[in-house]
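Let the sequences and hints guide you as you build the complete structure.
In order, the protein sequence lines correspond to chains A and B.
Going by our numbering, the letters in the first sequence line up with residues 1 to 729, in that order.
Going by our numbering, the letters in the second sequence line up with residues 1 to 159, in that order.
Some clues are possibly wrong.
What the hints assert, rightly or not - Facing chain B, a subset of chain A residues (Cβ under 7 Å, in silico): (1) V229; (2) D238; (3) A358; (4) E632; (5) F659.
Claimed, not checked - Simulated restraints on C-beta separations: (6) A:E157 <-> B:S80: 42 to 50 Å; (7) A:L281 <-> B:P13: 40 to 48 Å; (8) B:T118 <-> A:P308: 32 to 40 Å; (9) B:T8 <-> A:T69: 39 to 47 Å; (10) A:T258 <-> B:T118: 48 to 56 Å; (11) B:Q81 <-> A:Q723: 32 to 40 Å; (12) B:T8 <-> A:G577: 56 to 64 Å; (13) B:Q81 <-> A:G577: 28 to 36 Å; (14) A:L655 <-> B:Q21: 42 to 50 Å.
Derived by calculation from the structure, the hints in this document are not laboratory data.
Keep in mind the model is a prediction, meaning the values are calculated, not measured.
Each residue gets a CB set at the ideal place from its N, CA and C atoms; glycine is no exception.
Take a look at the letters that make up each chain.
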Amino acid sequence: MTRDDSNSRGSMGNGGSGEGGVSESPPRDLSRRQFLALAGSGLFVFFPTDPLDAFQEPERLPARQGYPTDFNAYLRVGPDSRVTCFVGKVELGQGAMTSLAQLLAEELDVALDSVDMVMGDTDLCPWDMGTFGSLSIRQFGPVLRGAGAEARAVLLEMAAEQLQAPAGRLQVTAGVVTDPSAPGKRVTYAQLVQGKRIERRLEKAPVKPVSAFSVVGQSPRRKDALEKVTGKARYAGDFAVPGMLHARVLRPPAHGATLRDLDTAAAEKVDGARVVRDGDLVAVLHERPDLADKALRLVKARFDPPQPSVDDKTIFNHLLKTAPQPRLVGESGSLAEGEKLAANIVEETYLNSYVAHAALETHSATATIEGGKATVWASTQTPFPVKQQVAQALGFTPQNVRIITPYVGGGFGGKSASRQAVEAARLAKLTCKPVQVVFHRDEEFFYDTFRPAAVVKIRAALTGAGKMVLWDYKVYGAGDREARLFYDVPHQRTVSAGGWQGGNPPGMHPFGVGPWRAPSVNTNTFARESHIDILAARAGADPVEFRLGHLSDQRMRRVLEAAARQFGWKPARAPSGRGLGVALGIYAGTYVATMAEVAVNKSTGRVQVIRVVCAQDEGVVVNPDGSRQQMEGSITMGLGYALAEEVRFKNGEVLDRNFDTYEIPRFSWLPKIETILIENPETAALGCGEPPIVTMGAVVANAIHDAVGARLRQLPMTPARIQTALKRA
Amino acid sequence: MQRTISFTLNGKPTRVTVDDQRMLLWVLRSDLGLTGTKFGCGAALCGACTVVVDKEAVRSCSTPVKEVAGKRVLTIEGLSQEGRLHAIQEAFLKHHGSQCGYCTPGMIMNAYALLQKTPRPTRAQIIQHMDDNLCRCGSHHRILNAIQEAAGTMKGGAQ
Chain A
1 MTRDDSNSRG
11 SMGNGGSGEG
21 GVSESPPRDL
31 SRRQFLALAG
41 SGLFVFFPTD
51 PLDAFQEPER
61 LPARQGYPTD
71 FNAYLRVGPD
81 SRVTCFVGKV
91 ELGQGAMTSL
101 AQLLAEELDV
111 ALDSVDMVMG
121 DTDLCPWDMG
131 TFGSLSIRQF
141 GPVLRGAGAE
151 ARAVLLEMAA
161 EQLQAPAGRL
171 QVTAGVVTDP
181 SAPGKRVTYA
191 QLVQGKRIER
201 RLEKAPVKPV
211 SAFSVVGQSP
221 RRKDALEKVT
231 GKARYAGDFA
241 VPGMLHARVL
251 RPPAHGATLR
261 DLDTAAAEKV
271 DGARVVRDGD
281 LVAVLHERPD
291 LADKALRLVK
301 ARFDPPQPSV
311 DDKTIFNHLL
321 KTAPQPRLVG
331 ESGSLAEGEK
341 LAANIVEETY
351 LNSYVAHAAL
361 ETHSATATIE
371 GGKATVWAST
381 QTPFPVKQQV
391 AQALGFTPQN
401 VRIITPYVGG
411 GFGGKSASRQ
421 AVEAARLAKL
431 TCKPVQVVFH
441 RDEEFFYDTF
451 RPAAVVKIRA
461 ALTGAGKMVL
471 WDYKVYGAGD
481 REARLFYDVP
491 HQRTVSAGGW
501 QGGNPPGMHP
511 FGVGPWRAPS
521 VNTNTFARES
531 HIDILAARAG
541 ADPVEFRLGH
551 LSDQRMRRVL
561 EAAARQFGWK
571 PARAPSGRGL
581 GVALGIYAGT
591 YVATMAEVAV
601 NKSTGRVQVI
611 RVVCAQDEGV
621 VVNPDGSRQQ
631 MEGSITMGLG
641 YALAEEVRFK
651 NGEVLDRNFD
661 TYEIPRFSWL
671 PKIETILIEN
681 PETAALGCGE
691 PPIVTMGAVV
701 ANAIHDAVGA
711 RLRQLPMTPA
721 RIQTALKRA
Chain B
1 MQRTISFTLN
11 GKPTRVTVDD
21 QRMLLWVLRS
31 DLGLTGTKFG
41 CGAALCGACT
51 VVVDKEAVRS
61 CSTPVKEVAG
71 KRVLTIEGLS
81 QEGRLHAIQE
91 AFLKHHGSQC
101 GYCTPGMIMN
111 AYALLQKTPR
121 PTRAQIIQHM
131 DDNLCRCGSH
141 HRILNAIQEA
151 AGTMKGGAQ
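Pasting the structure below:
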C-alpha cells in the first residue's frame, strides 16, 4: 500500500466528491500496520494491547462480534485539520452521515464542516452488523462519542505538553487548543499531529453532558445535500468501471418455478452480447444496460410452474394453519381471573397484507475482481454480512472481498438482503470483467423481502365500570416486537407465532419476508390501537381519556398530552362524525402519539387524510430537523400501508410488479403534518428513523371509524374495503 | 436503426451514433456518462428519470433518443450555471428536500419545467404537476416548500 493521499480517502465511502470511486485503486488487504502507514501523518489514538482489532476479520473474532474498542478504528485527525470518521453504518437517506458527524464533532470539539464521513466500506470502516432498527444513534452513537472523547483527551495531553500548561485548564474550539490564562498560547490539532504518530493508552475519557452540547441539538445542512441536488451523489448503479458489462439475469415467473429448457441462441447473436450460465444463474451481458435487456428478451426459457399454493386472499387461513406453536411474549395476572371480572367482551381479528419496500433505487451493484480481490459497490444496508456472502459465493477469503457502500437510494429494511451484490460478483468472476447488476422494478418486487402478512387475534374485556380487565393477544406471522401491552390491564397475556426474522415453518410465508420499517410493530400497533378504540367506544369514553385512564407510563402520557394539545383534541365518544383518530406506539425506545383528521367519501370509499399531528419522545435529540424529516417520512410512508399498499400474489407469482398497480403515497395524498419533539434530556438519544410509522394504520382506521362509524380490521383500507365496511356499519 | 443523433445537451452540441430506438435514459447514463438522471421503474411511472427537453419535462426511460434530435436536453448536471446553483437547487438545500436523494434529480427537473411555464404556481398547481414523481422517503412537504420558495426567488423570471 503506497498511496498516501489522505484526503482522497474521505471521499470514498459515500460517493464523496463524486471524483473518487473507481478511478482510485482501492487499498487491498489492509492490515492494521498498513492502515497506520496509510494514515501518513495523521493522529491515531492507539491502544496496542487491545484484544479487538478493528481490522481483524470477523471469522477470527468471538462468535458474537461487537464494535472495536480500539478507538482509532473510528477516526483520524489529518494534518490539514480535517477529521475523517469511519463508520460501518450507511447513509440511506435517514441522515446518519450528518447526525453521526455531529456526535463526533461534539466530542472532539471540531467544526462539523471539518468532519468527512467514510461509511460502509468494509476495508476502511470498523465492523458493523448493519444499518437498521433505528440503531445508528441509539446503539452506535455512544461508541462513536466515546471514541471522540478519548481522542480529544489525548490531543489535550499533547497540547498540555506543548503549551506547558495543565490539560485541565485548556480549552478547545473548532480544533484549536488555547490556554485562557495565557492569551496567545494556542495550538491546533493539525499542528499537534504534524509529522507525528502517536500510540497512547488512556483511561476512559468522559463524554460531554447534554448541557455542554453545542453541535448536537442543532440542525445543520445535511452533509449529503449538495451532492444530492446537483446529481453528483453516486449510487451503486452509477459507477462505471472501464470494460464493465451490464448484466440482466433470467428470472423465473414465479417463486418455486424451475427452469425446464433454455434457448439462448438468439440472444447470443446480438452484437456485443454475451450469455453466461453457471448453475442456476443465467445472465445476458452487454456493455450497454438497455441492450443487455433487449438481448435477455430474446432468451427463450420454459419454466415448470410451482405447485399451486396460496394467494393474497387465502394467505390468512394459511398463516393460522402453518404457524408454529405460539410463544409467550409476556403475561401478568391470570386470564381466567380476568374472564371472571369481564362484563363486556370484545373479540376481533385484524389482518394485514404483504407490503413491499419499494425504495426508488432498485438493488444495484457494481463488481470488479482485480489481482484476486473482489471489490463490490453495493446498495446495501448490511455491507459486512454481504462481504461474507460474496466471499462464500466466490470461494474467496473474506480479506479478499471489499464492499463499498455509496449513497443508498432508500432502504427501509429492504436492502438488508442484497442478492444483487452476490450476482454481480459471481458474474464478474465468470466473465473476468467488471459487471454491474441493476434490478429492474419487476425484479425488485419479485425478490423483495416483504413485510409479512399477519393475523392478530385479540380478546379483551371491560369491567362494568368501563375499565380494561382482560387482554389476550395473539399475533401470527408478524413477530413479537412491541406486541406487549403498555396499557394498565391487570390480566393479560401476549403470544406470538412466527415472524419476519425467519425460523418460520417452511412455506408459512410463501416468499421472502424481512424487516420493513419498524418490523412487527406496524402490525401490532394497528391491532392494539384499533382494539383499544373499540373498547373505548364500548365504554362510552373519549378515546384519549380512555387511554389516559389506563396509562401509568409517564413518558407515554406526556406524548399523548402533547399531541392532544397541539391537535386541539376535544373529548367525544366515537363515532363523533368528526373523522378524528388517535394511536400510540413505541419503537426503538421512542414513544409516539399520533392524531389524525380524515375525510371519507361515502360513495367512493376514498379517504383523504387532512391533518396529522405527531408527538415524539426520542430522548436527547441529536438533530431536530433530521428527526422531523424522519417523522414526516414515517407518517407519509405509513399512509401507503394504511390506505393502498398490498402485494397481490398467486401460486408463487408476484402480481404487483411496478408502480402502476402498486400505489405508494404521492403529493396529492399529503395531509398537513405537524411534528412535536418532546424535550427529554434525561433519556439518552433513541431511535428516530421509524417510530411514527407504527401508528399510521390505527390512527387512520380510528379516524375513519370516527367519521363514518365503519371499523376497518384489515390493512390496507382500500376504497373497496371501506365500502364493504360501510355496508356493514 | 443505427444513426447519428445530434442534439444540445446541457448547452453543448452533442452527437451520438446509436440505435435510435434506444431510450434517452440509457444513452445519457451509459453512453454519455451522465448518471445524475436515475432509473426507477422503466415505465414512466416514478419520475426519477425526468429530464427537460425544450422546456418540457419528459420521462427519459420511455423517450426514444431519436425524439430529441435537434432539441435541447437539460439534465440535473446542466442546471447550475458557472458553479452557481439554480434557485430550485438552493431551495432544496435550504428545505432539506432530499433524504435518500434518489428521486431528487427528477423532482428538480420536473419542478424546473413547471416554473418555466408557470412561474408563479399555486400550491395546488405544484402538487398537480409533481404528483407523478414518486418519493419513498416522504420528503414531499419539503419538496413543495422548496419549489414554492424557488418560484418566489426567481421572481417570475424563468431562468
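So, going through the hints one by one against the coordinates:
Here the hint on V229 of chain A is kept, as its CB sits about 4 Å from the closest CB of chain B, short of 7 Å. Annotation: interface hint on D238 of chain A holds; nearest CB of chain B at approximately 4 Å, less than 7 Å. Proximity of A358 of chain A to chain B holds as hinted, the smallest CB-CB distance being about 6 Å (cut-off 7 Å). Below 7 Å, beta-carbon pairs count as interface contacts, and E632 of chain A has one with chain B at about 6 Å; its hint therefore holds.
Taking 7 Å as the C-beta contact cut-off toward chain B, the hint placing F659 of chain A at the interface holds, the least distance being around 4 Å. Taking the beta carbon of each, E157 of chain A and S80 of chain B are about 46 Å apart, inside 42 to 50 Å as hinted. A hinted range of 40 to 48 Å for the beta carbons of L281 of chain A and P13 of chain B is consistent with their spacing of about 43 Å. Taking the beta carbon of each, T118 of chain B and P308 of chain A are about 53 Å apart, not inside 32 to 40 Å as hinted.
The given range of 39 to 47 Å is broken by T8 of chain B and T69 of chain A, whose C-beta atoms sit roughly 58 Å from each other. Between T258 of chain A and T118 of chain B the CB atoms are about 54 Å apart, so this pair conforms to the stated range of 48 to 56 Å. Checked against the given bound of 32 to 40 Å, the beta carbons of Q81 of chain B and Q723 of chain A, roughly 53 Å apart, lie outside it. Between T8 of chain B and G577 of chain A the C-beta distance comes to about 59 Å, which sits within the given range of 56 to 64 Å.
Evaluation of the 28 to 36 Å hint for Q81 of chain B and G577 of chain A yields a failure: the beta carbon distance comes to about 55 Å. Checked against the given bound of 42 to 50 Å, the beta carbons of L655 of chain A and Q21 of chain B, roughly 29 Å apart, lie outside it.
Checked against the numbered hints listed earlier, the structure breaks hints 8, 9, 11, 13, 14; every other hint is satisfied.
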